[in-house]
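Just so we're aligned, residue 55 is where the sequence shown starts under the numbering used here, counting upward by one.
Bear in mind the hints are in silico, worked out from the structure with no lab data behind them. Computed from a predicted model, the values in this text were never measured in an experiment. In this text, a Cβ means the ideal position worked out from N, Cα and C, and glycines have one as well. You may find that some hints are simply not true.
Have a look at the derived ranges for each label pair, beta carbon to beta carbon [said to hold, decoys possible]:
| # | residue 1 | residue 2 | range |
| --- | --- | --- | --- |
| 1 | GLN137 | GLY95 | 32 to 42 Å |
| 2 | SER149 | VAL85 | 32 to 42 Å |
| 3 | GLN137 | THR98 | 38 to 48 Å |
| 4 | GLN135 | PRO104 | 16 to 26 Å |
| 5 | ARG153 | ILE114 | 15 to 25 Å |
| 6 | ASP136 | TRP158 | 40 to 50 Å |
| 7 | ASN94 | PRO144 | 42 to 52 Å |
| 8 | ARG155 | SER116 | 14 to 24 Å |
| 9 | TRP158 | ASP131 | 28 to 38 Å |
| 10 | SER116 | ASP81 | 29 to 39 Å |
| 11 | ARG124 | SER149 | 18 to 28 Å |
| 12 | GLN137 | SER116 | 36 to 46 Å |
| 13 | TRP158 | GLU123 | 24 to 34 Å |
| 14 | VAL93 | TRP158 | 23 to 33 Å |
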Amino acid sequence: MERPRSSLTARSGLALGYGLHLSTYVDSGWVWVGHDGGVNGGLTNMAYRPDQGVGFAFMINSGNGKAFERIGRVVRDYLTQDQPPPESPPVTSVSALARERAGWYRPDNPRVAKLRFSSACWVSCG
């Protein structure tokens, strides 16, 4: 469930991405695996750090996105407070190959299929 399964992501060998209902994301330098979602009147979040064996889940009976973000921030900060800070990735420059790839892109696996048309974006590497 943790490995990216979309055809484009899987073929490129990326370690971060959307698997079978789990996504891997970076927050404040920490890599988390999880899933969040919401319905009218409720929001949920579940995430864990496989390398540290810690995780969390919470649900709120509200559609208040700001409260949801604040709760998530407090929980993630608490779970990482005694950990040494993650190493920053090395600084790299944009290559000529990346500049050749500038253009319109869209996710091959959007979280909300009805909104696929609005997910395209322009990538400029200049």
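Evaluation of the provided hints:
1. GLN137 <-> GLY95: 32 to 42 Å: holds (35 Å)
2. SER149 <-> VAL85: 32 to 42 Å: violated (24 Å)
3. GLN137 <-> THR98: 38 to 48 Å: The hint (38 to 48 Å, Cβ to Cβ) is violated, given that GLN137 and THR98 are roughly 25 Å apart.
4. GLN135 <-> PRO104: 16 to 26 Å: This hint holds: roughly 19 Å between Cβ atoms.
5. ARG153 <-> ILE114: 15 to 25 Å: violated (44 Å)
6. ASP136 <-> TRP158: 40 to 50 Å: holds (44 Å)
7. ASN94 <-> PRO144: 42 to 52 Å: With a Cβ separation near 44 Å, ASN94 and PRO144 satisfy 42 to 52 Å, so the hint holds.
8. ARG155 <-> SER116: 14 to 24 Å: Once the Cβ atoms are compared, 41 Å apart, the range 14 to 24 Å for SER116 and ARG155 is violated.
9. TRP158 <-> ASP131: 28 to 38 Å: With Cβ atoms ~37 Å apart, the hint holds.
10. SER116 <-> ASP81: 29 to 39 Å: Violated, at about 21 Å.
11. ARG124 <-> SER149: 18 to 28 Å: Since the Cβ atoms of ARG124 and SER149 sit about 39 Å apart, the hinted range of 18 to 28 Å is violated.
12. GLN137 <-> SER116: 36 to 46 Å: violated (30 Å)
13. TRP158 <-> GLU123: 24 to 34 Å: holds (30 Å)
14. VAL93 <-> TRP158: 23 to 33 Å: holds (32 Å)
Hint check: violations occur at hints 2, 3, 5, 8, 10, 11, 12; the rest are consistent with the structure.
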